[in-house]
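As numbered in the numbering used here, residues 18 to 86 make up the sequence shown, in order.
Keep in mind the hints are simulated off the structure, nothing from the lab.
Don't take each hint at face value.
Stated by the list, open to error - Pair ranges (Cβ atoms, derived): (1) Val25 <-> Gly45: 15 to 23 Å; (2) Glu84 <-> Arg40: 16 to 24 Å; (3) Phe79 <-> Pro27: 28 to 36 Å; (4) Leu31 <-> Glu84: 30 to 38 Å; (5) Ser26 <-> Phe79: 31 to 39 Å; (6) Asp47 <-> Gly80: 34 to 42 Å.
Each residue gets a CB set at the ideal place from its N, CA and C atoms; glycine is no exception.
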Amino acid sequence: MTEAAESVSPPHYLGHRERLRDRFRKGGADALGEYELLELILFRVMPRRDVKPLAKALIARFGSFAEAN
18 MTEAAESVSP PHYLGHRERL RDRFRKGGAD ALGEYELLEL ILFRVMPRRD VKPLAKALIA
78 RFGSFAEAN
């Protein structure tokens, strides 16, 4: 492997879903933002797709997690 390939850090989104699940398990809903709670739901419906932009758009459109749900 070349030196340049070894110094490249992994993309920030790798492990995102697992990190959100862990934060939810440890701190409950209060540990997450509204769009992150919506992401947890959307993960199940839309596997293998980045759902953060959709979650943020839904919160922006409806104003809150409660209204978007």
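Structure-based check of all given hints:
no., hint, in the structure
1, Val25 <-> Gly45: 15 to 23 Å, "36 Å, violated"
2, Glu84 <-> Arg40: 16 to 24 Å, "23 Å, holds"
3, Phe79 <-> Pro27: 28 to 36 Å, "33 Å, holds"
4, Leu31 <-> Glu84: 30 to 38 Å, "31 Å, holds"
5, Ser26 <-> Phe79: 31 to 39 Å, "35 Å, holds"
6, Asp47 <-> Gly80: 34 to 42 Å, "19 Å, violated"
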